[in-house]
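Assemble the complex: chain A is given as a structure, and chain B must be docked to it using the hints.
Residue numbers (the numbering used here), protein chains in the order written: chain A, 1 to 602; chain B, 603 to 1013.
One or more of the hints may lead you astray.
Stated by the list, open to error - Computed list of lysine-lysine pairs in DSSO-like fashion (alpha-carbon distance at most 30 Å, straight line): (1) Lys-578/A x Lys-980/B; (2) Lys-752/B x Lys-558/A; (3) Lys-310/A x Lys-980/B; (4) Lys-845/B x Lys-558/A; (5) Lys-810/B x Lys-980/B; (6) Lys-522/A x Lys-752/B; (7) Lys-443/A x Lys-488/A; (8) Lys-169/A x Lys-443/A; (9) Lys-579/A x Lys-810/B; (10) Lys-752/B x Lys-569/A; (11) Lys-980/B x Lys-549/A; (12) Lys-980/B x Lys-558/A; (13) Lys-845/B x Lys-573/A; (14) Lys-616/B x Lys-558/A; (15) Lys-579/A x Lys-845/B; (16) Lys-573/A x Lys-980/B; (17) Lys-549/A x Lys-990/B.
No lab work stands behind these hints: they were computed from the structure.
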Amino acid sequence: MNTFDTSHIRNFSIVAHIDHGKSTISDRILELTRTVEERDMESQLLDTMDIERERGITIKSNAVRVMYDADDGETYQFNLIDTPGHVDFTYEVSRSLAACEGAVLVVDATQGVEAQTVSNASLAMNADLDIVPAINKIDLPSAHPEEVKVEIEDELAIPADDAVCVSGKTGEGIHDLLEAIVFLVSPPTGSADKPLKALILDSYFDEYRGVVATVRIFDGHVKKGDHLLMMQGGEEFLVDGVGVRRPAEFAVDALGVGEVGFVVTGLKDPEAVHVGDTLTLVNNPCDAPLAGYREAKPMVYTGLFPIDNKDYENLRDALEKLHVNDPSLIWEPETSAALGFGFRVGFLGLLHMEVVKERLEREFDLALIATSPSVDYHVYKTDGEMLEVRSPQDLPDVTRIDHIEEPYLKAKIITPPEYTGAVMQLAIEHRGITTDMIHLSQKSVEMHFDIPLAELILDFFDQLKSRTKGYASLDYEFSDYRVSELVKLDILLSGDEVDALSFIVHKDKAYGLARGLCDKLKEIIPRQLFEVPIQGAIGNKIIARSTVKARRKDVLAKCYGGDISRKRKLLEKQKEGKKRMKAIGSVEVPQEAFLAILKVED
Amino acid sequence: MRFEALYLHIPFCKSKCAYCDFDSRAMGEGCALDEAVATYCDALAAQIDAHGRAGDLAEVQTVYIGGGTPSLLGVRLVELVRRVLGYCDPVEFTCEANPESFTAELARSLRAAGVTRVSLGVQSLQADELRVIGRIHSVEQALEAVALAKGAGFSTSCDLMCGLPGQTFDAWRDTLKRVLLADPDHVSVYPLQLEEGTPLERLEAAGKIEVPDEDFQAQCMDIAAELLHAHSYERYEVASYAKPGHRCQHNIAYWTGVPYLGIGRSAASMCAATGDVSLLLENTFDGTPDSESDGTSDGAAGRSSANSSTARIRFTQLDDAGEEFDHEFLTPREAMAEDLMLACRMTDGIGPELLARAIRVVPANELSAACDRAVERKLAAWDNGTLKPTHLGWLGGNKLFGIFWDLAADA
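Looking at chain A on its own, in the form it has when it is part of the complex (with noise of 0.2 Å):
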């Protein structure tokens, strides 16, 4: 049983650097499929969560199924998978690819190859797929196709020769890809007639019909009523029913080989299905399961803490939840004495902790603190032995630490010339080591880096799209581990050492560090009606103090007759101020006090 003949099927993803425009790309391929109806259009379907699209970002790959009636008479099944663009979620790329033969390589007319073109690029060659360029944006005037092409031939070793023009915006050179895709992709291999072997390449929890895993056939086939095996995890499930997104859901008669859908297992224990798993039948198991791909480790860890300590529980739940779709994301309890109870949760970069606090606000309806984000720091004691410290709370007493390691990355920032100066003295300010110069063409310098990653995850992204104005662009990985000369900084309000205000950091730099959170806190912390001493400290040591002065009068003086509801509503609407508050001893503290050392300019 096969629903479609694979010589006619390509599977696909579209890779570029953030803001090249995949998902105008892609919207555009749905409308002119005929997916979608244009009276349906909303821009960027396929980002379907709020926060993408609010963002103009794409976090979650999706899969959608087209059909196309090519130039040669013949109707095409794609399956197009859209991914994210950003840093963070490297890791989703590589899952996406993993299920494609495909990959379209989109780059701005008007940026040209960035570093995230250059990454993604790898990682589709990595996974030897075929690649099909695209040059989007030629509709805007700065547009410089015939530039961009030499940048992908020399910086890429991508023959361009071939690269189709396009506009996400106006449609124009759409077609052209779309029959670029029929000749460049190769069908998908595999045996229809093989028990079933498919890869779990995401999934999602659904309140009703249990988790739902998008899957994509490598040999045999699915229909709806087999008992399935996940080979990595052992659960065993029998199928309530098997579709593709188009992008609504479509249920099918079956996947057959090739073919991208998704799986409605009936699950209701979100952690029972592992994205990367091999599904195959319990009574016909496939000989071996795939691959598939290396956890994502992350890299960032907060403390995440319930404003209402009953949300505590709620909070493990959605935790659980967005893991299952998530599974770079990893937590563990930790308590604090000013926040009480929550979890230290480890994410893959500051992108990634924003999006999932907002969807943990969000979709959980969660009113959530984050501390400030650490990384994963080695403390070697003097007893010789290792510890992996991801919350300045845990570090162990200074007599007792030998020495500290912090991770390293290698980072590779790609820029025009004349920002090499700008980029370097960024980099030095942020305790990064020029390795490398590589002059890409006139226009671009690639610049290698060795820098801590606690360095990269403050602001330092931020500052680098400043001082290079947006031209410079970011791409890094993990290198490793070596040793600092690191201290904790303790803030203390009123006197009282504030745990989760606490951080780790480099010793040169905490007196800066320490004087110019004080001085935010004190911007951030309103006034009270006594005065609230801020001090930044190494151990016993007082280095920076602020002041918040006290706020003499908060009264209305006036309250008469027709006064009093007035006054009330002012009442609640402290109240409601007040909700976004944590009283630490008798001090107010709003939430963005925590994460005030992301906002501290040296």
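The following block gives chain B in isolation, referenced to the frame of chain A:
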């Protein structure tokens, strides 16, 4: 429905002050003031009669005619006073007056008609301050008005404002000292509040004037408290100071949950939400108010015991004729929280009697937690079984009030 306090609103002024967002129509010279006032007063009279005949006013203990500028009405004000007194026999009858329109003749007539108390809008005794806030009287007129009111036998009150543009501590002290020399029986001290849409707010936003900050206001309030106290005025509420026997009973009614009736545009009324309410407002509402009360009114037992264990209704007159109202309902619990909140405005604080009533409506643990919180934050302190606001509680009242208003809903 029987009310114990009656308020009449006179929404007319000769000219509108720069800080004022009250309901009042300014009538410049030569405008059709007289006609508008006549029509309005007729409507007031009709409403007074309607309530009077219905017996709503029989138990009224205090009357307050405010504005606007009631003294602007002249003889019509005296007529209103007489009309009201045809239906009740209050112990206190206050009229607000502005210095420029408080004439000797008016003073005599009002006193003769039965007014016992005059509240004068003095605001400041510095000519430059009066000018910038748009007052149309002089320093001398203000002082003369105080003397006149006292001479006519009124319990006399002066309203003062601090935190005015250009005001200095010295100027504020000077105003206070000159007021003390004039020797009124009662003084109210209000920090200037920049209300949205007022000329003063626009000037401040445009950077044309500088308004002292809250710290300055706080200091002014402290200076006033100190000076007035030294001259045997007792602070009995956040903004109110009185010589013995001269507390404003009408205002105290607002803060102790006593049912009050407000007549006139924008005037507010409050009473227990019992069946009578629908009769009172007749065609105002589509149906009978949804009352959660047990239907009994312990208000009848006397002024000191308000209807705080029943649901309440508060309504605000929206038009001149008294045909349109805005209304809100307060559950017994909300009503109780409101009483507690308002009690925190007063020196007398939350006494054993109020606590005893509160405990019938609010869970005891929540009530005691709220009291503890207020004490812990130094906003209030226990004194012989009464929770009284501290100095911090006076100035940071919103925090203190918030603690008790939070009791309006389940914790």
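Status of the hints after comparison with the structure:
1. Lys-578/A x Lys-980/B: The hint holds at about 19 Å.
2. Lys-752/B x Lys-558/A: holds (25 Å)
3. Lys-310/A x Lys-980/B: Measuring from Cα to Cα gives roughly 28 Å; hence the hint holds.
4. Lys-845/B x Lys-558/A: holds (20 Å)
5. Lys-810/B x Lys-980/B: violated (39 Å)
6. Lys-522/A x Lys-752/B: With Cα atoms ~51 Å apart, Lys-522/A and Lys-752/B exceed 30 Å; violated.
7. Lys-443/A x Lys-488/A: Distance ~43 Å between Lys-443/A and Lys-488/A Cα, so the pair is violated.
8. Lys-169/A x Lys-443/A: holds (26 Å)
9. Lys-579/A x Lys-810/B: violated (36 Å)
10. Lys-752/B x Lys-569/A: violated (39 Å)
11. Lys-980/B x Lys-549/A: With a Cα-Cα distance of about 17 Å, the restraint between Lys-980/B and Lys-549/A holds, given a limit of 30 Å.
12. Lys-980/B x Lys-558/A: holds (23 Å)
13. Lys-845/B x Lys-573/A: violated (36 Å)
14. Lys-616/B x Lys-558/A: holds (23 Å)
15. Lys-579/A x Lys-845/B: violated (42 Å)
16. Lys-573/A x Lys-980/B: The given pair, whose Cα atoms are some 23 Å apart, holds under the 30 Å limit.
17. Lys-549/A x Lys-990/B: Measuring from Cα to Cα gives roughly 26 Å; hence the hint holds.
In this structure, the hints that do not hold are numbers 5, 6, 7, 9, 10, 13, 15, in rising order.
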